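Asks: Please arrange chains B and F on chain D, whose structure you already have, making use of the hints.
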Amino acid sequence: MDTQVSVILGAFVASGLTLFIFSFLYKDNPFFKIAEHLYMGVGLAWHIQLTIYKVIKPKVWEPLKLAWENGDTFTVWMTIIPAVLGITLVTQFIPKISWISRYGFTFLMGYAAGLALPAGLATDFSNQILGTIEPFANFFSLSPGRMINAVIILIGTVSVLFYFFFSVEHKGVVKKISNFGIYFLMIYFGASFGNTVMARFSLLYGRFDLLVRYSQKEYFYATNWIIVGLLIYFIAEKIVTNKLLKARS
Amino acid sequence: MNIIKKYIPLTIVFIFGIITLASYYVPHRASDEYLEWINKWENIVSAFALFLGMISLFYSHYKKIQRKVDGWGYSLFVYIGFFIIMGAAILSEGDISKEGKLTYLGWSFNNIYNPLSATMFSVLAFFIISTAYRSFKIKSFAAFLLFICGLILMIGNIPLGEIIWDKVFGWTKLTIGEIKDWIISVPSTAGRRGIMIGIAIGAAVTSLKIIFGIERGYMGKE
Amino acid sequence: MKEKLNKILKLDRRYLFVLLTLSIVIPIIKPIGIPSKSISTSTKDTYNFIENLPEGSTIILSLDYDPSTAPELHPMAAAVLKHAFKKNIKVIILTFIAGSGGLIDELVRTIPPQYSKEYGKDYVVLPYMANPLAALTQMASDIHSFYDKDINNKPLKNYEMMKNIKNYKDVAGVIGITGTALLDYWVVYVGDKYGVPILGGVTAISQVGYGPYLQKKQLKGLIGGMKGAAEYENLISQPWKGTSGIDALNIAHILVIVFIIFSNIVLLILKFL
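Residue numbers (our numbering), protein chains in the order written: chain D, 1 to 249; chain B, 250 to 471; chain F, 472 to 744.
By construction, these hints were calculated from the structure, which means they are not laboratory data. The structure presented is a predicted model; accordingly, all values stated were derived computationally and were not measured. Just to be clear, a hint being listed does not mean it is correct.
Incomplete in silico selection of chain B near chain D, CB under 7 Å [stated by the list, open to error]: (1) 290; (2) 299; (3) 321; (4) 331; (5) 449; (6) 466; (7) 467.
Yeah, the Cβ is synthetic: ideal placement off N, Cα and C, and Gly gets one too.
Bound-form chain D, shown alone (with noise of 0.2 Å):
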């Protein structure tokens, strides 16, 4: 699939694909919702035939071959059973056996909860509390900057902690201390929003990056055929709605 024919072709489907979606900022159309309902489609296939080469074949079938083969009893079992309660979450859709669905569902949240709870413990909870007072150890040790920095971090923390602790009423000092950390959550807030910005411009200009690539001579101008088109399909339909409402007044 790499010849000059299958290049080019590319070059119109990723182009078209792209500029259909971008279409629906003009308005909504079928180019649009072809995309729309193609994306759900391809998503779901590319992500079904990922965990059937990738997982299922190399981590079911191949080894339960083999271990039947060489007849290994333990992997077999070790390798039918995660199957079988896979299996049972499809049972969902059958409200007479849907209960047997269970199985697999108490597998996977007893599995999750399990590995969620020391890893999130150490990592965002005591990690971050050590992080919080670690400064004050040696404090007076610190630069005047990295004291007020420690202190701010320390105020801040503390603050936001108070605004989202709901078991007790936010009124008098509990109230002062919430809204000072509802401060400190405007700046992160306001840091996020700014770094999404530059975020989803990047990807957009990825997108044009890649739609002023293929409006190249080598791409056969791509990208210029696919606008060409849909310009005229938009005056099109704004000539034939005109006229309708012409013919309908």
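Replies: Chains B and F only, in chain D's frame:
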């Protein structure tokens, strides 16, 4: 019947939850081996969960086509897109490239899946600009603080912003990069840390409730 | 006057979309060419980490992004790889994202020849694995028990650089470049648990959220978004897509700032009219 429908599943949650929890803290070869097997199991079980999504999507679009609702023709494209990729995957045996050459699946990934996926995400950029003009109303000090931090990050992220800052505020001897670094590493860290600790506590409590069978929403109707 | 101002505020958003499109497309066709001056501390820390590694050290480069986040992450992956090769650091490239295949292929096809690096001696590429948790935990005891073959389906143990690599103890550090939460996995299950230095490259959206990890030194360095990629390219003096990308985004960012300020000024005027 209650034992099979309720108590055995709850026992499964408890056993796997406790053993997985313990394996994190027990520094023994057995823990590593257990984790290896349980990770393989999870991989296999969650792979089947994807088929749930497939059945759900196919069924809803099949109903649309059957009832010939408004726009039912577009539902056909869901199936078309699905079979194009699945066909390419079968022909390519799941490989994107073979011996340095792009396969049908690789071509489909580069020219169908990727443009669709990347463009869907990049459309958000247009809504950011629309929101910035129409909805970003600075009506309180908190909103003003949000705006100022966003402004500093945006200016600090672009070379033109650095030049503008140096020209207007160069006398402060502070570069926009230093201010941006400080915002991310000090006040923003404080805000984020509070959220992280809160989430960690919430996740720990929810995990314990799931392991001990107090939280059973995932099991469906009793 | 009031009506006019209200009309301005309710401007058809399609005009804004056109302005945004032009603000990005024009600099792509005709670059503005303003060099990026500032280097953030976290990017500098990542650079210094590789710069200070002794020659012949081995690092793991986990490239976990697909084409949808490639505009931000691919340039930083290229810059890190170039830097590692320049310093004669050996690299083990792996991935837990199936869609990264083509991008990794592009990197290893174009960059190693520039530094006369040989496959198997200076770098290896490991195959895609669907289960990151299994890989991360297994590599702590024996990398070869999980990755017995490389991406070309050849035994990993036979490669010269892999003969002395058994587990994390033989590796100087891990650099995870990802648009997903995989960097958190590296921090939680490898960095915090086994004390392996973890560094990262993430999208700009995620960058701010890693502040706590950087402050606590759970992350030794972080490259954030396209700006981070441009900064790293500046440090290694090899401008590429990161530099050209951030150059193209200058006007778009200014546009957002101008729109926010303008609309709020109009609102303020309307308030007093």
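Asks: Please verify that hint: residue 466 (chain B), Cβ, nearest Cβ of chain D, below 7 Å or not.
Replies: With a closest approach of 10 Å, the residue 466 (chain B) hint is violated.
Asks: Should the interface hint for residue 321 (chain B) be scored as holding, given a Cβ-Cβ cut-off of 7 Å against chain D?
Replies: Constraint on residue 321 (chain B) not satisfied, violated at 11 Å.
Asks: Against chain D, run the beta carbon of residue 467 (chain B) and see if the smallest gap drops under 7 Å.
Replies: holds (5 Å)
Asks: Would you settle whether the hint for residue 331 (chain B) is holds or violated, based on the nearest Cβ-Cβ distance to chain D being less than 7 Å?
Replies: This hint holds: residue 331 (chain B) lies near chain D, its Cβ roughly 4 Å from the closest one there, short of 7 Å.
Asks: Is the interface hint for residue 449 (chain B) satisfied, with its Cβ closer than 7 Å to some Cβ of chain D?
Replies: holds (4 Å)
Asks: Identify whether the interface hint at residue 290 (chain B) stands, where standing means a beta carbon of chain D within less than 7 Å of its own.
Replies: Holds, about 4 Å.
Asks: Can the hint on residue 299 (chain B) be confirmed by a CB-to-CB distance to chain D that is less than 7 Å?
Replies: With a closest approach of 5 Å, the residue 299 (chain B) hint holds.
Going through the hint list in order, the structure does not satisfy hints 3 and 6.
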